[in-house]
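K.L.:
Quick note, the sequences are listed as chains A and B, same order.
Take 1 as the starting number for the first sequence in our numbering and just add one per residue.
Take 1 as the starting number for the second sequence in our numbering and just add one per residue.
Rather than coming from a laboratory, the hints here were simulated on the basis of the structure.
It is possible that some hints are incorrect.
Note: identical chains are not told apart, hence a pair may lie in one copy or across any two.
[Claimed, not checked] Taking lysine to any residue pairs in the SDA-like style, the calculated list, with each CA pair at most 25 Å apart, reads:
id : residue 1 : residue 2
1  : K408      : F171
2  : K180      : Q50
3  : K404      : W127
4  : K133      : E203
5  : K10       : E491
6  : K180      : R52
7  : K209      : G34
8  : K209      : R150
9  : K122      : M165
10 : K209      : R36
11 : K209      : R179
12 : K209      : Q178
13 : K180      : E224
14 : K404      : S273
15 : K437      : D406
16 : K209      : G31
17 : K136      : T403
18 : K122      : E154
What follows is the residue order along each chain.
Number of protein chains: 2
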Amino acid sequence: MTYLITGIPKDTNEESPIRQDVDDWYLEQTGPSGNRIQLTLFVEALIIMQNRSTTDDLSYFGLAGIHGAPWSGWGGQTSDHQTKDENFCVHNDYTFPTWHRVYMALFEQVVYEAMTEFINDKVPTEWQTECHKEAKTWRLPYWDFARFARGTNEIRLPIIATIPMVTINVFGSPVSTQRKSNPLYKFQTESLMGDLGIRDQGEEGPFHKCRSTTRYGLLDGYNEDVWADGGQNWLRANLALNEHPWNRDPTVWEGFRTLQEAVFQLLKTSGGSWSSFSSTKYKEGSEQKGYTNLEFIHNNIHNWVGGFLFRRPTASSRLKLWGGGHMASVSVAAFDPIFWLHHCNIDRLTAIWQKLNNSSWFDGDSEGVHHSQLTPFHNRNGNLFVSDDVRNWTDLNYDYAITKKDEKDIRDDIATLYALEGSPFQINIFFGQPDGKDFHDLGSRNFVASVFNFSSAIKNSNCGNCIEQKKRGIYSEAQLPATLAVWSHQELEKTNKEPEVFYVVVNSRGESVTLDDEAITVDLYRINEGRGVDSPEDHRYKKAVNGRRATVDY
Amino acid sequence: MTYLITGIPKDTNEESPIRQDVDDWYLEQTGPSGNRIQLTLFVEALIIMQNRSTTDDLSYFGLAGIHGAPWSGWGGQTSDHQTKDENFCVHNDYTFPTWHRVYMALFEQVVYEAMTEFINDKVPTEWQTECHKEAKTWRLPYWDFARFARGTNEIRLPIIATIPMVTINVFGSPVSTQRKSNPLYKFQTESLMGDLGIRDQGEEGPFHKCRSTTRYGLLDGYNEDVWADGGQNWLRANLALNEHPWNRDPTVWEGFRTLQEAVFQLLKTSGGSWSSFSSTKYKEGSEQKGYTNLEFIHNNIHNWVGGFLFRRPTASSRLKLWGGGHMASVSVAAFDPIFWLHHCNIDRLTAIWQKLNNSSWFDGDSEGVHHSQLTPFHNRNGNLFVSDDVRNWTDLNYDYAITKKDEKDIRDDIATLYALEGSPFQINIFFGQPDGKDFHDLGSRNFVASVFNFSSAIKNSNCGNCIEQKKRGIYSEAQLPATLAVWSHQELEKTNKEPEVFYVVVNSRGESVTLDDEAITVDLYRINEGRGVDSPEDHRYKKAVNGRRATVDY
Ligand SMILES: [Cu+2]
Ligand SMILES: [Cu+2]
């Protein structure tokens with residue numbers, strides 16, 4: 001069988017429907033004005049796929065199996081990778097984003113086809129037209145793992161990935177609802193996965209003894225019955241996503257502060273190189289890579305979601321975050337349903353980066369591989385895909401809301417999601433250098449004021465003298481009154497000179513953060529007020545002092 | 001209906017079958033020579049009970065409802081408690097152990113009757129005799145929450161409480177197995193629990209929005225769909241059971257170091273008072289209570305298992321252990337199936353204490369209530385139980401292995417489970433006082449040697465001079481050679497005098513522990529060896545120095 005990957009069919013004159021943020025989508029589907037139709041179709045389609053024979057290429061097991069275990073080939077192709085696991089999927093190489101782009105499109109297309117099957121077989125005639133319409137505009141939702149959960153300042157797994165039971169429609173007159181086991185919560189098999197070709201993954205975990213995907217449920221020294229369905233300890237995943245620095249290896253992690261900062265760094269470049277962006281691959285002798293890249297961020301999410309410590313840490317370590325799970329092992333990661341939501345976001349980040357680095361494509365070290373075949377995936381012409389086929393993702397009949405925008409608006413969105421409102425950065429301002437480690441608040445030496453979440457600060461402040469913050473590409477401005485502070489400073493220092501202005505950017509963990517120099521500007525402005533000032537020019541603020549980034553120890 | 005609580009029926013000449021440690025029982029049932037019969041019967045009986053109408057007094061819901069919500073009365077009785085929740089169950093009072101003793105016997109009896117129903121209705125004739133025999137000797141197993149999981153030095157929830165699916169028998173020829181949803185993992189309802197009379201518990205959690213019991217799954221600020229079946233984040237419970245001191249309130253927790261130490265302290269007394277032992281109740285003006293008591297230990301287990309922080313801690317706190325669950329709320333705790341395993345152990349600890357404090361019963365402040373009615377429970381004569389009816393627990397046709405032993409052997413067991421091998425206490429020995437905070441190892445000032453896990457140390461050491469450890473009631477002895485250490489010490493100090501001997505007891509977290517003075521003795525012994533020593537008396541060790549507990553800062 002040669003399965004042709006085309007994306008979900010659409011008329012050529014229609015715009016590509018968008019892939020949505022999974023929490024936004026879920027909240028819209030289940031909210032007061034939501035009709036739950038797409039939710040029902042997605043859930044029922046996944047149930048159909050998960051119930052198909054594991055030897056069926058288009059079963060959930062068959063599709064997930066392309067990524068690694070059980071290494072049994074797919075669509076008539078056997079793997080041409082000569083790695084020990086002989087898996088098709090590409091990691092640590094420049095086709096990492098493009099191979100997975102096609103993989104997601106395949107999954108999306110098979111889900112759509114299962115939706116159609118469900119509608120034709122199980123939905124009463126009077127509902128079929130509406131359901132087909134919803135299926136046609138449905139696209140795989142993405143988990144924006146660097147965006148705080150709605151109304152919180154915390155990163156979390158998607159709602160739909162953490163609920164064991166999901167409420168969906170029973171179509172009829174009237175429409176009622178039912179609760180079903182949620183196929184996005186976990187994937188369960190009838191047989192031991194070992195009997196389906198899933199091998200022991202050694203240090204990563206005894207996945208052959210599982211009958212269900214698990215998050216942090218494989219624990220060395222636990223009775224083996226616990227492993228079979230180790231359960232979904234998803235609070236541990238949430239903890240890891242927010243507190244991952246405990247695992248920091250200084251040689252690898254330098255500058256990798258929070259997930260939001262990492263994604264912001266990844267996307268803020270322009271004129272970047274595909275070789276640097278796309279993969280963790282490092283060719284000896286080539287230029288130093290950027291300090292982060294797509295695949296590196298992606299790898300960490302895998303680890304934090306699944307759990308990557310099957311063996312218990314030494315007695316002196318704390319128990320915190322001990323445990324293994326499917327997402328942390330390349331060979332079995334795709335069996336956990338959250339894999340698809342995760343990789344959909346990886347594709348979205350790729351698309352965003354492409355829009356901002358329009359002319360960048362396989363270049364330098366990566367130039368040679370844009371014609372490499374993305375085995376085992378066949379395009380609409382029956383040929384194996386190459387990366388060039390999917391440079392334009394809309395050829396696969398989907399898009400993202402953000403990539404429909406122009407560059408300026410994309411940069412605004414990025415800042416909103418990952419740098420400004422999304423992340424509680426705080427700028428602390430000092431007249432004179434602060435102390436090296438004490439740069440947090442009122443009690444710190446030379447402290448003047450803080451700006452917290454730029455945009456809201458603008459709304460709330462009655463401006464006098466000024467601070468201006470600038471982010472590359474976009475500007476967000478806040479102004480704080482400094483008259484009294486300057487006066488006090490001059491009194492204390494017995495001087496008439498303007499104070500030296502310093503600032504420290506502090507992240508949500510109270511650590512100082514170094515953004516690039518152009519990202520932030522903190523300056524002191526003066527205006528002449530009161531009697532004897534007549535010229536309109538004198539009523540304008542004039543920059544009096546250029547602020548500088550303070551030197552702090554951490 | 002008046003349901004008479006008699007315990008599981010047995011012939012008067014038979015000994016009472018024992019309630020077993022739940023992990024031991026599960027491992028025996030599922031091990032190579034286990035027949036899984038009792039496991040199958042227990043699971044099937046619970047499924048029957050959980051499927052009964054919630055208005056049936058003998059349904060799982062009906063039995064759990066006696067403890068708190070939905071406050072609808074039971075067995076024809078309405079509550080006589082005038083608390084705001086009008087629940088029957090006794091907390092913060094001296095009948096706490098006896099009320100719950102009858103409650104466990106009731107549950108055990110109803111499970112047995114459901115086993116019988118299952119056997120008669122569903123088991124093929126050729127297996128019925130064997131199954132009835134197993135049901136008759138089955139008793140409710142207990143979760144020994146202060147005992148380390150087998151082969152570990154960590155406290156854990158029982159295996160059977162952490163596996164979503166359980167493998168049980170299908171009786172026939174031959175016997176095969178099947179996997180079923182494990183009724184001890186969680187209790188799930190068809191309706192929202194709010195529709196079954198479970199109210200919002202405010203700070204403790206929105207239990208009315210649940211359809212399943214949860215552990216650490218109720219999280220303020222999470223989408224409400226997550227609450228309905230918040231899942232079983234049981235790794236958080238395990239973490240809390242082992243690392244609870246982070247929650248320590250110094251005014252309450254003084255001396256409460258680990259669960260094992262607490263249980264050891266609870267049981268090591270003799271001639272104790274029921275008033276002190278039984279409850280957290282404190283009558284103003286009465287004598288100072290012992291520093292721990294049964295109900296206090298019990299309360300903490302409830303909190304740690306369920307999760308007791310529905311509202312998120314302040315931003316500066318770590319996320320660690322945030323979350324609420326049924327076990328932490330008196331009103332709904334009994335719905336989590338682990339409740340019964342927990343309270344079975346509370347009953348066992350009571351029975352052990354009774355054996356060791358044979359003449360102690362309701363006394364002092366508690367004397368007046370031994371005739372109070374334990375509503376709504378009726379005894380075999382159709383009267384409401386009073387505490388005196390259950391002073392002898394074997395009248396309810398069950399016993400525990402440990403309480404069949406004599407006092408000396410019970411004390412040995414307690415020490416083994418909770419003080420010696422169970423807990424990795426370490427005794428560090430010094431010639432001269434150690435430094436206040438540095439008392440851990442070779443690098444510490446004046447360090448001589450460590451004794452780790454007394455009994456194994458005895459086996460491994462080639463004895464020379466001696467150390468003797470003594471626990472109240474039992475003795476465990478280890479001997480370490482000190483000849484060279486004494487010689488070095490005398491050389492260094494330029495003295496011929498015997499060294500001063502000090503010791504520090506260190507627990508598994510590296511903290512110094514103060515056991516009572518009689519618990520440990522560390523002394524230095526001498527023997528005269530070599531030529532010129534003829535008298536047999538000279539070949540005996542003689543105590544040279546009395547060791548003392550060192551003064552350390554923590
Ligand atoms: Cu991958
Ligand atoms: Cu209780």
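K.L.:
All hints, please: hold or fail.
P.N.:
Verification of the supplied hints:
For the identical chains of this complex, K408 and F171 are neighbours neither inside a copy (44 Å) nor across copies (70 Å), given an alpha-carbon limit of 25 Å. In this homomeric assembly, K180 and Q50 come within 25 Å of each other (Cα to Cα) both inside a single copy, at 14 Å, and across copies, at 19 Å. Taking CA atoms no more than 25 Å apart as the test, K404 paired with W127 passes in neither setting, with 32 Å inside one copy and 69 Å between copies. For the identical chains of this complex, K133 and E203 are neighbours neither inside a copy (47 Å) nor across copies (44 Å), given an alpha-carbon limit of 25 Å.
Within a single copy, K10 and E491 get their C-alpha atoms no closer than 72 Å, and across copies no closer than 93 Å, so neither meets the 25 Å cut-off. In this assembly of identical chains, the alpha carbons of K180 and R52 lie at most 25 Å apart whether taken from the same copy (18 Å) or from different copies (21 Å). When the C-alpha separation of K209 and G34 is checked against a cutoff of 25 Å, the pair qualifies only between copies, where the shortest distance is 20 Å, while the shortest distance within a copy is 40 Å. With identical chains, the CA atoms of K209 and R150 are at most 25 Å apart between copies only, with a shortest distance of 20 Å across copies and 37 Å within one.
For the identical chains of this complex, K122 and M165 are intra-copy neighbours only, at 21 Å inside a copy versus 29 Å across copies, given an alpha-carbon limit of 25 Å. Only between protomers do K209 and R36 lie at most 25 Å apart by alpha-carbon distance; the minimum there is 20 Å, versus 36 Å within a single protomer. For the identical chains of this complex, K209 and R179 are inter-copy neighbours only, at 14 Å across copies versus 29 Å inside a copy, given an alpha-carbon limit of 25 Å. Taking CA atoms no more than 25 Å apart as the test, K209 paired with Q178 passes between copies only; the shortest distance there is 16 Å, against 32 Å inside one copy.
For the homomeric pair K180 and E224, the shortest alpha-carbon distance between copies (17 Å) is at most 25 Å, but the shortest distance inside one copy (28 Å) is not. In the homo-oligomer, the alpha carbons of K404 and S273 lie at most 25 Å apart inside one protomer (22 Å), although the nearest pairing across protomers, at 76 Å, exceeds that limit. Proximity of K437 to D406 under the C-alpha cut-off of 25 Å is found in neither arrangement, the shortest distances being 41 Å within a copy and 63 Å between copies. When the C-alpha separation of K209 and G31 is checked against a cutoff of 25 Å, the pair qualifies only between copies, where the shortest distance is 16 Å, while the shortest distance within a copy is 39 Å.
Taking identical chains as interchangeable, the C-alpha atoms of K136 and T403 lie at most 25 Å apart only when both belong to the same chain, with a minimum of 20 Å there against 69 Å between chains. Taking CA atoms no more than 25 Å apart as the test, K122 paired with E154 passes in neither setting, with 40 Å inside one copy and 51 Å between copies.
Checked against the numbered hints given earlier, this structure breaks hints 1, 3, 4, 5, 15, 18; the rest are met.
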